[in-house]
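Those sequence lines, one after another, are chains A and B. Each residue of the first sequence is one higher than the one before, starting from 1 at the first, in this note's numbering. Each residue of the second sequence is one higher than the one before, starting from 1 at the first, in this note's numbering.
Rather than coming from a laboratory, the hints here were simulated on the basis of the structure. Keep in mind it's a predicted model, so treat the numbers as computed, not measured. Do not take every clue at face value.
[Said to hold, decoys possible] If the Cβ cut is set under 8 Å, some of the chain B residues that face chain A in the computed set are:
#1 I29
#2 M33
#3 M35
#4 Q36
#5 V45
#6 S54
#7 S57
#8 V149
#9 Q180
#10 F196
[Said to hold, decoys possible] Here are the simulated lysine to any residue pairs, SDA-like style, with alpha carbons at most 25 Å apart:
#11 A:K4 with A:N101
#12 A:K183 with B:F42
#13 A:K98 with B:M41
#14 A:K183 with B:K223
#15 A:K183 with A:L228
#16 A:K88 with A:I11
#17 B:K223 with A:Y45
#18 B:K12 with B:T111
#19 A:K183 with B:M41
#20 A:K183 with B:I182
#21 A:K183 with B:K90
#22 A:K205 with B:L43
#23 A:K88 with B:L178
#24 A:K183 with B:T111
#25 B:K90 with A:A48
#26 A:K183 with B:G37
#27 B:K223 with A:A48
#28 B:K112 with A:Y45
#29 A:K183 with B:T31
#30 A:K205 with B:M35
A virtual CB, placed ideally from N, CA and C, is assigned to each residue, including glycine.
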Amino acid sequence: MFGKYFSVLEIGYRQSVAYKGDFIIGSISTLFRMMILAYIWTAVYQNANTTVINGRGLIETITYIILAQLIWSVLNTNLEVLLGFKIKKGEITRDLIKPINFPLLIFLDNLGFSLFILLVQTMPAFVIACFMFDIQTPASILHILFTLLSIILAFFIYASFSFTIGIIGFWAQNVWGISLLKKLIFNTFSGSLVPLFLYPPMIQKWIYLLPFKEIINTPLVIYLDADLQMILSLLGRQLFWAVTFFILSQISWMYLKRKIEILGG
Amino acid sequence: MYYISLYYTAFKYNLKSLYEYRFDFWVGIITLMIMQGIGLMFLWVIYQYTTALSGWSLNEVVFIYGFQQVVHSLYITFFGNVTGLEQLIKHGTFDCYLVRPAFPLFQLMITKLNITGFAGLIVSIILLVYSVYRIGLQLNLAKFVALMVFLTTGVLIYFSLSLIVSTCAFWLTRTMRLQQLIFDFSEFTRYPIDIFHSGLQLVLTVVIPFALASYYPALFFVKEAAFLEISLKILGGTLLFYVISYRFWRFGLKYYHSTGT
């Protein structure tokens, strides 16, 4: 029953192995991003002559920055580009006659790719960064487990969102521009570029109203210092957004499927 | 004279082909404006908590940032095509360049004007002018000439580094990723390099000298560092890297045997 889905995951993983060299360089790029941001905020703390900015110390900030890059580089795949490609080239017709749920197929293919990125590209960068900077260790095993759970939900949220974007791209003729815009928005408001607690308070207020924080800020708040009650409420909120985006992606998918049938494939 | 007229003709047709894709051009402009806007916002957020980073104020850092962006866009617009060498070799198109009566490198440069580069150039020039205005920099004739010279040497640095990597395509099949890796270093030089580890500063000055293309010019204009010392560093470094890259290119060219496809 699940065997065929597992093979899709495996294929996504195997396709990536073919481009090993690319990922070594991707790994260095990830490390560079971690370094630039960590150095900049170190300089800010030094120049500001304080140990605490907006209630957080330097070590917490650096931990947030490095883990944010780790999560972002795993999440940030080109699901919508793959989807756009399949629709444009007509490959989707072949996928549709397979006895497989198509959105699930795309999702698993993407997951396989992400796992590979995590292993080959992100982990080495993370390990080196750990040697270069002080990083706060998690408070307990429970915190690690909850953070992982939160990252899985984040992956689900981002993938559903990307899937919807990919389908919108089908009508917009070209997915490139809209995909770039999506990345810019997530990069800015998720905590990947600037830890959300470091935004000026009056801007924070607005950013916290948006759903983009769920993919990076929420897992990291859980990692840093949340107590059990807070963790549960954060996970609940994430679940809410995951379900919302999932329904959105299903609706747009159903709409697209009907459209394709009308065109006659 | 021959090369000037060639360049003029190529430039004219390149502009015409840009016009064909004007929708893409505007999408490019808007996207780049948003990206630059986010870059500026990032700097603004940082300076909410401090008035100076290693002695550099917000507007001064915007100058470094703008200078780097102008140099980078100039490079992408006019020389960005150099990175396409691997494709030319793979498809055998490079042979056409060798039989035409002009330097292959020159032909490589004039083949295409890059749209995003051109769009980025407009946006980044606005950024640089704005920062010059905000700092209150008095640009007399001498300083203006220096600005132009340092922009030129900056572009040459980018071009030389890119040429070195591209030339590797004579031996390696793929250089695109290596190109990206080298250019990832340039991201460090959008900020004053004093904030980085001293080893990294050395790398950015001597090994992959992107700092010569943005940070050191900013030292001269903003911090009024000694002109002679700075310009010797920049001009010497640029010349050295240009000569190395060109020699390497000639060497690669000699090595090149067509695949025959």
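Each hint, compared with the structure:
1. I29: At 12 Å from the nearest chain A Cβ, I29 of chain B fails the 8 Å test, so the hint is violated.
2. M33: At 11 Å from the nearest chain A Cβ, M33 of chain B fails the 8 Å test, so the hint is violated.
3. M35: holds (7 Å)
4. Q36: violated (11 Å)
5. V45: holds (5 Å)
6. S54: holds (6 Å)
7. S57: Nearest chain A Cβ about 11 Å off; hint violated.
8. V149: The hint is violated - V149 of chain B has no Cβ within 8 Å of chain A, the shortest such distance being about 28 Å.
9. Q180: holds (6 Å)
10. F196: Where the cut-off is 8 Å and the nearest Cβ of chain A is about 5 Å from F196 of chain B, the hint holds.
11. A:K4 with A:N101: Holds. K4 of chain A to N101 of chain A sits at ~11 Å (cutoff 25 Å).
12. A:K183 with B:F42: holds (16 Å)
13. A:K98 with B:M41: violated (47 Å)
14. A:K183 with B:K223: violated (36 Å)
15. A:K183 with A:L228: violated (32 Å)
16. A:K88 with A:I11: Between K88 of chain A and I11 of chain A the Cα gap is close to 22 Å, so the pair holds against 25 Å.
17. B:K223 with A:Y45: holds (23 Å)
18. B:K12 with B:T111: holds (11 Å)
19. A:K183 with B:M41: With Cα atoms ~16 Å apart, K183 of chain A and M41 of chain B stay inside 25 Å; holds.
20. A:K183 with B:I182: holds (23 Å)
21. A:K183 with B:K90: The given pair, whose Cα atoms are some 32 Å apart, is violated under the 25 Å limit.
22. A:K205 with B:L43: holds (20 Å)
23. A:K88 with B:L178: violated (30 Å)
24. A:K183 with B:T111: violated (31 Å)
25. B:K90 with A:A48: Not OK: K90 of chain B and A48 of chain A at ~53 Å, beyond 25 Å, violated.
26. A:K183 with B:G37: Holds, at roughly 15 Å.
27. B:K223 with A:A48: holds (21 Å)
28. B:K112 with A:Y45: Not OK: K112 of chain B and Y45 of chain A at ~45 Å, beyond 25 Å, violated.
29. A:K183 with B:T31: holds (11 Å)
30. A:K205 with B:M35: Judged against 25 Å, a Cα distance of about 23 Å means the pair holds.
Of the numbered hints stated above, those contradicted by the structure are hints 1, 2, 4, 7, 8, 13, 14, 15, 21, 23, 24, 25 and 28, listed in ascending order.
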